[in-house]
Structure formats: C-alpha cells, structure tokens
Amino acid sequence: MTLRNPAQALVIPDSLLAKEATDVLREHSTDLLFNHSIRVFLFAAEQGRRRKLRFDIELLYVAAAFHDVGLIKKFSSPDERFEVDGANAARQFLTAHNIHEDQVQTVWEAIALHTTPGIPKYMGPEVALLNSGVLLDVVGVGFDQFPAELREEIVAKYPRTNFKEGFVQAYFAGFAHKPATTYGTVNAAICERFMPGFKSPNACDLIAGSPWSH
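So for the sequence shown, this note's numbering puts the first residue at 1; every next one is plus one.
Incorrect hints may have been included.
[As the list claims (entries may be wrong)] Derived PhoX-like pairs (lysine-lysine); straight-line CA-CA distance at most 20 Å:
| no. | residue 1 | residue 2 |
| --- | --- | --- |
| 1 | Lys178 | Lys73 |
| 2 | Lys19 | Lys157 |
| 3 | Lys74 | Lys178 |
[Stated by the list, open to error] Using C-beta positions, here's what the derived DEER-type ranges look like:
| no. | residue 1 | residue 2 | range |
| --- | --- | --- | --- |
| 4 | Lys19 | Ala173 | 22 to 30 Å |
| 5 | Gly118 | Ser200 | 40 to 48 Å |
| 6 | Leu53 | Asn98 | 22 to 30 Å |
| 7 | Asp205 | Arg51 | 36 to 44 Å |
| 8 | Ile119 | Leu16 | 39 to 47 Å |
| 9 | Asn98 | His214 | 48 to 56 Å |
| 10 | Met195 | Glu101 | 18 to 26 Å |
Honestly, the hints are just simulated from the structure, not real lab data.
As the structure is a computational prediction, the values presented were derived from the model and not from experiment.
C-beta atoms are modelled at their ideal positions from N, C-alpha and C, and glycine is treated no differently.
Given the sequences, and given the hints that come with them, work out the whole structure.
Next up, the structure:
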C-alpha cells in the first residue's frame, strides 16, 4: 500500500496570486462551478505528481480557477467561444499581476483548449493536466486509475451536489446566447440537445457552399 500525505494531496497554493484568483472565482461563480474548478485543480495536480511531471502548480491553479469563468455573464462576450472568454479573463488577471508573457500564454492555451479533444495531451504539462482534470471531473476519464480514497476525500471537501444535471444546465446557459460559437467543438452537441431546431453547420455543406467554382 502506498502511503500519501493528505495535506500535500489537497494543498491549494497560498500565494497572493492564487488567493486573488480564488477571490475572483468565489465572487463571480456559483458553488457548483467553484467546487468543480477546485476539484479540477486537485485532480490535475495529483495526476501530474503521479506522472512525475514538472509543472508550475500556481499557473495550473490559476488556469483551473478561470477555466469556466467564460460561462459566467460578467466574463461572457457576444461572439467568442466561452473557452476564449475565460482565457482572455485569465490573461487580463495575470497581466495585471505582471506575470511574464510566456506564463500568461501557457494559462491562456490551457483554458482555451480545455474542451478540445486529442490536442492538449501533446502540449505543455499545465495545458495537458488542466484538460485531464476536466475530463476526470466531467466525464470520468481516468476515474478507475485515480486513487479512490483520495478521490472521495476531494469530493467530500468540494461536493458534487447534483453535479451532472446542474453542470449541463450551467454549461448550456453559458453559450446559449451565441450558439454559432460552438461550431467545431463538443459544445455544439449541447446546443443541439437543448435548442429545438438548432443544427450545427456541417463541414461538407460549408465546403460545397464556398464561393470556389470547383
């Protein structure tokens, strides 16, 4: 049996940057999205430790804190993907704290790509880990590989109260006013499920309808 230190496994960065990111999330988010974001971070950080990856835990935390703020009205634009809205909000936050542009870009990419299948795992560790934390918390990818005792401890501290139904509702509400932005993403299927008559464009039709003669 592998022993672990629960305090280390459940640690939240206590830097001023992390605390202020938490404040932004707590002020503008719901309990459902707040708990989800913290679980995503804890799942991601533990996966990174178990894979012995070298990653910046503070940047990963900020990425997790901001990854779904684009679903919140205050941060939502009329015409950008919600992931881009969240990434832009994180960029503004980090730039205001004089974080180096390379680090800002890492967080931006992690958030912007966190719902994009198949790509983040080939990028830097913060990008890959945020995506893996999201996949575990939302659809259960890696559920059986994550230590059950720690998983249950995380959920006990940051509950999944009615999460499946509540998250889908909050998710859809975050881009229901701009369904066109979901084209080419997993979010298009959410719009098709909840918006009668909505059909995401088909790439074949777009190609056939282009102004090119052949």
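Against the structure, the hints come out as follows:
1. A C-alpha spacing of about 12 Å is found between Lys178 and Lys73, which places the hinted pair at or below 20 Å, so the restraint holds.
2. Taking the CA atoms of Lys19 and Lys157, the gap is near 18 Å; set against the 20 Å cutoff, the hint holds.
3. Of the pairs offered as hints, the one joining Lys74 and Lys178 holds, with about 15 Å between alpha carbons and a cut-off of 20 Å not exceeded.
4. Checked against the hint of 22 to 30 Å, the pair Lys19 and Ala173 passes, with Cβ atoms roughly 28 Å apart.
5. Distance hint for Gly118 and Ser200: a CB-CB separation of about 19 Å, inconsistent with the stated range 40 to 48 Å.
6. Separation of Leu53 from Asn98 is about 26 Å and conforms to the stated range, judged on CB atoms against 22 to 30 Å.
7. Evaluation of the 36 to 44 Å hint for Asp205 and Arg51 yields a pass: the beta carbon distance comes to about 42 Å.
8. Restraint check, Ile119 to Leu16: a C-beta distance of roughly 32 Å breaks the suggested window 39 to 47 Å.
9. Taken as a hint, the range 48 to 56 Å holds for the pair Asn98 and His214, whose Cβ atoms sit roughly 53 Å apart.
10. Between Met195 and Glu101 the CB atoms are about 38 Å apart, so this pair departs from the stated range of 18 to 26 Å.
Hint compliance for this structure: hints 5, 8, 10 are not met, and every other hint is.
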